[in-house]
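Student: Sequence:
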Amino acid sequence: MKASVSTPAAMSPGMGNLSEQYHHIIEAMAQGLKLEAIAHQLQVSLETLYRWLGEPLFRTMLQQRQFYQQEQAQLKMAEESSNVVDRLIAQTESSHVSIQLRAINMFLRLVKANRTASSASRSAKNKTPSADNRRQPKLDAPDVSATASQPPDPPDQQRISMPALSVETPTHDPLTLSDESPTADDHVPHGTAAPGTRSMPEPAQNRGNRRERRKQQKRQQKRNARR
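Here the sequence shown stands for residues 51 to 277, numbered as in the working numbering.
To be clear, the hints were calculated from the coordinates, so they are not data collected in a lab.
Everything numeric in this text was worked out from a predicted model, so none of it was measured.
One or more hints might be untrue.
The calculated EDC-like cross-link candidates involving lysine to aspartate or glutamate, where the alpha carbons are at most 16 Å apart (straight line), are [to be verified]:
| id | residue 1 | residue 2 |
| --- | --- | --- |
| 1 | Lys-84 | Glu-97 |
| 2 | Lys-162 | Glu-121 |
| 3 | Lys-162 | Glu-129 |
| 4 | Lys-162 | Glu-143 |
| 5 | Lys-162 | Glu-130 |
Starting from the given sequences, assemble the full structure and let the hints guide the process.
Tutor: Structure representation (structure tokens):
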């Protein structure tokens with residue numbers, strides 16, 4: 051057994067906490083020891099060892115160890131690949147090489163630059179907190195009490211505006227309204243509101259019909275006066 055694994059006396063149940071024993075189990079499993087041998091080292095029963103293997107803390111420590119081993123393997127592969135690229139660049143950067151070798155040299159330099167940038171980005175990402183750990187901005191809830199205490203809008207503000215094609219604002223001179231005041235003979239348009247209530251502006255077509263009828267009535271009165 052390698053020296054990195056603790057001795058049974060150092061890892062006896064009476065010494066150390068569970069995390070140290072879990073660490074010893076993980077190291078022993080990485081070296082290929084069987085569970086019976088590990089239980090004998092820790093001086094515990096095989097049933098106790100199986101129970102430890104199912105503990106959440108042990109599983110978390112095992113996942114961390116596996117992740118660490120994967121990172122180390124990736125770093126080792128990247129280092130070996132970088133060494134190969136450096137050697138190829140050194141062999142193809144001579145001025146006496148062919149055009150093909152110069153193209154290979156440029157490609158290898160580009161690969162090395164991209165790999166360096168990727169490593170720097172990975173390092174910066176590991177230093178910054180992940181998106182899951184960042185505190186989300188707290189949205190301010192609307193003040194319900196302030197909304198409830200506000201008085202209702204006046205009737206003219208509660209009125210729903212009609213489409214622009216059906217409602218037109220009068221553009222004639224207000225001084226002429228006295229000559230065009232409604233008479234008793236005027237026909238009340240359909241949908242007129244009851245007295246005492248505010249009504250919507252009358253369409254321009256109805257106003258034109260009223261003017262035309264008023265003019266006809268005046269002409270008829272003049273004819274009757276002449277007779």
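Student: State for each hint whether it applies.
Tutor: Here is what the structure says about each hint:
For the suggested pair Lys-84 and Glu-97, the alpha carbons sit about 14 Å apart, so the restraint of at most 16 Å is met. Our distance criterion of 16 Å between C-alpha atoms is broken by Lys-162 and Glu-121, whose separation comes to about 20 Å. The straight-line distance between the Cα atoms of Lys-162 and Glu-129 is roughly 11 Å, inside the 16 Å bound, and the hint therefore holds. Distance check on the hinted pair: Lys-162 and Glu-143 sit about 14 Å apart at the alpha-carbon level, within 16 Å; holds.
Taking the CA atoms of Lys-162 and Glu-130, the gap is near 12 Å; set against the 16 Å cutoff, the hint holds.
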